[in-house]
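Trainee: With the hints as extra help, turn the sequences into a complete structure.
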Amino acid sequence: AQTVTQSQPEMSVQEAETVTLSCTYDTSESNYYLFWYKQPPSRQMILVIRQEAYKQQNATENRFSVNFQKAAKSFSLKISDSQLGDTAMYFCAFNGGSQGNLIFGKGTKLSVKP
Amino acid sequence: DTGVSQDPRHKITKRGQNVTFRCDPISEHNRLYWYRQTLGQGPEFLTYFQNEAQLEKSRLLSDRFSAERPKGSFSTLEIQRTEQGDSAMYLCASSDSGANVLTFGAGSRLTVL
Numbered sequence: 001a002q003t004v005t006q007s008q009p010e011m012s013v014q015e016a017e018t019v020t021l022s023c024t025y026d027t028s029e030s031n032y033y034l035f036w037y038k039q040p041p042s043r044q045m046i047l048v049i050r051q052e053a054y055k056q057q058n059a060t061e062n063r064f065s066v067n068f069q070k071a072a073k074s075f076s077l078k079i080s081d082s083q084l085g086d087t088a089m090y091f092c093a094f095n096g097g098s099q100g101n102l103i104f105g106k107g108t109k110l111s112v113k114p
Numbered sequence: 001d002t003g004v005s006q007d008p009r010h011k012i013t014k015r016g017q018n019v020t021f022r023c024d025p026i027s028e029h030n031r032l033y034w035y036r037q038t039l040g041q042g043p044e045f046l047t048y049f050q051n052e053a054q055l056e057k058s059r060l061l062s063d064r065f066s067a068e069r070p071k072g073s074f075s076t077l078e079i080q081r082t083e084q085g086d087s088a089m090y091l092c093a094s095s096d097s098g099a100n101v102l103t104f105g106a107g108s109r110l111t112v113l
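Listed in order, the protein sequences are those of chains A and B.
Just so it is clear: in the first sequence, position 57 is 57 by my numbering, and no numbers are missing.
Just so it is clear: in the second sequence, position 75 is 75 by my numbering, and no numbers are missing.
Simulated from the structure, these hints should not be mistaken for lab results.
Warning: the hint list may mix true and false statements.
[To be verified] Under the rule of at most 27 Å between Cα atoms (straight-line distance), these lysine-lysine pairs were calculated in the BS3-like manner:
hint	chain 1	residue 1	chain 2	residue 2
1	A	113	A	73
2	B	11	A	106
3	A	109	A	78
4	A	109	B	11
5	A	55	A	70
6	A	106	B	57
7	A	55	A	73
Mentor: Structural data, given as structure tokens:
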């Protein structure tokens, strides 16, 4: 069974600095997708970034980038120039099948401090 | 397009009562998912539909939980004989069958007294 582990329950960062959130996963599949979702307080979950496992190049979306290490089954999220609006729960998620169902980690609560 | 809509946003009920949540997906999305999220945890998959067909329901938490999507558009999630342990946020998401990206609604928060 696939599992997703986020080992950092909480993190904090100063505004304008850079922070990295960790995620590891376990799967026997060779082709899959990995995601980071953001859930602001009392607001809905939104997609931050997506990585396709067959692509070696790390995905980037503006201030958000990933470090995808397929052999190590590691998928970390780097947030550069952190902003107050980045304060949220961040969930790492895995999709390994055709169903599109996502398996989520427990999340990391990120606080950006002014 | 208004995104994924869920109703009601909050529901408070007494133990033993039945509750029903509704989800309206993005109109062009043919896949619809239900998740449960408890405090401090990531979303937990419950079931999903492709059009009106329920393709996976083994993860529904018990036989008190059921879901329908009668015409392949909106979906309902019903919990019968609610228990205090059912208190959680129930999330709906939709996607296009050709994509792996789920768009989530704001959720329906259930409190069972």
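Trainee: Look at each hint and say if it fits the structure.
Mentor: These are the hints, each one checked on the structure:
1. With a CA separation close to 31 Å, the supplied pair residue 113(A) and residue 73(A) exceeds the 27 Å bound.
2. At roughly 24 Å between alpha-carbon atoms, residue 11(B) and residue 106(A) fall within 27 Å of each other, so this suggested pair holds.
3. Distance hint between residue 109(A) and residue 78(A) is fulfilled; the C-alpha atoms sit about 14 Å from each other, no more than 27 Å.
4. A distance of roughly 26 Å separates the Cα atoms of residue 109(A) and residue 11(B); the hinted pair therefore holds under the 27 Å criterion.
5. The hinted pair formed by residue 55(A) and residue 70(A) meets the criterion: a straight-line CA distance of about 10 Å does not exceed 27 Å.
6. Taking the CA atoms of residue 106(A) and residue 57(B), the gap is about 22 Å. The hint holds against a cut of 27 Å.
7. A hinted pair counts as satisfied when its Cα atoms are at most 27 Å apart, and residue 55(A) with residue 73(A) qualifies at roughly 14 Å.
Checked against the numbered hints listed earlier, the structure breaks hint 1 alone; every other hint is satisfied.
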